[in-house]
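Student: Here is how the chains run, residue by residue.
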Amino acid sequence: MVLTGLLIIGACLFAGHLLATLTGIPAPAPVLGMALLLIVLLIWRPRPNASVMRGADVLLAKMAIFFVPAGVGVIAYSGELNGAPLAVLAGILLPWLVALVVGAGTAAGTFWLLRRTGRGTAPTSAVAGDPSEERTGPVRPPEPVAR
Amino acid sequence: MTGDWQTLTSHPTFGVVLTLGVFVVAEKLWRASGRHALLTPVFTTITVIIGVLLLLDVPYEDYMAGGGYVAFLLAPATVALAVTIYRNLPLVMQARAPIVISVLTGAGAGIAAGFLTTRLLGGSEELAVAMAAKSVTTPVAMALTEQAGGLPELAAAFTIVTGVLGAVAAPTALHLMGVRDRRIRGLAMGISSHGIGTAQALQIDETEGAFSALGMALSTVAASIIMPLFLRFVL
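Order-wise, the sequence lines are chains D and X. FYI, in my numbering the residues of the first sequence are 2 to 148. FYI, in my numbering the residues of the second sequence are 249 to 483.
Since the hints were derived computationally from the structure, they do not count as laboratory data. Honestly, I wouldn't trust all of these hints.
As the list claims (entries may be wrong) - Residues from chain D that face chain X, not an exhaustive set, calculated with beta carbons under 8 Å:
1) L8
2) G25
3) G34
4) M54
5) L61
6) I66
7) V69
8) P70
9) A71
10) A91
11) P96
12) A105
13) A109
14) G119
Stated by the list, open to error - Simulated restraints on C-beta separations:
15) D:L8 / X:G269: 24 to 30 Å
16) D:I26 / X:L479: 34 to 40 Å
17) D:W113 / X:H423: 28 to 34 Å
18) D:A91 / X:P476: 23 to 29 Å
19) X:V482 / D:L114: 25 to 31 Å
As the list claims (entries may be wrong) - Non-contacting residues of chain X with respect to chain D, defined by C-beta distances greater than 10 Å in every case (computed):
20) W253
21) F262
22) E275
23) F481
Every residue gets a Cβ at the ideal spot worked out from N, C-alpha and C, and that includes glycine.
Sequences are here, hints too, so could you generate the full structure?
Tutor: What follows is the structure, given as structure tokens:
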């Protein structure tokens, strides 16, 4: 049942809030909740059609929409940026690009090294953004252990 | 007449229906265009809604009466990303080393770039530290919507702009860089463009989304370790 799945996700979020409040870990509660849910999944090993999987799919299907109100809010207060548009623009653009290029570069380098030493796997490649490309299905989770 | 109109637009239904309605159309448009980067739904939706609010002279607070409900769902959706990671577990386990190295170097370089860019543009040391700290809080962007409805701080606003920039430009930038591997593309998007980049990656491919979710979550941890070390080194 999807509702059961949403309940499990909600409980992990609440536990994340609890953890953040009690321990003072600087990570945001949703990220802590995500870590907690992952731990639960690794222990529980639910089947692909389990309630938690279907509940998650409901939330993740159009996740981008949940960012829209915050995005609208940014522009609503963009008047404060008028002082230094160039500095602000560069301050946003450059660190973003550096993180993107360095992150991709070192990941690619490490994958290459792993392949060279024979411990790697073939790249999971496909041309992105190609509309004619059939969406490859999600990799199935490991077989559920017998209970 | 004006009073009736105000009552209508300040009702929560207005914000909810406007957000959902514009997004549905924006997504159809994006798919019809062959997923053109400039038509990335989150970007077009935000732009159109701002236009509508300005045109109808609706204050942001009125929009947020409904928009707040939509924004609230971001927190459970972030938790649900764990399921995407779980589904891609075999791939994730094989890629442990690249994930750790890419997150540490990517987040570290982002912090350094935030500091140096501000200094080079003539910003004070305090501002440079704030900009570096902004790179730290960038992956933490999703936490921001917990207080949605309140006036977002400037640093938080930069974070959102970074994410939208990532959703629009990161897939194209990675394409131009010749990065085809789904795992690498996801990691880079998560590290640089946090939740908004991850949501976009998820629209493109589930494996890309899983690696982006990992990149985003681990960057938060990495940044909280790197930031104090970096500041001790430069100050």
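Student: For each hint given before, does the structure comply? Return the numbers of the non-compliant ones in rising order.
Tutor: 1, 2, 14, 16, 17, 22
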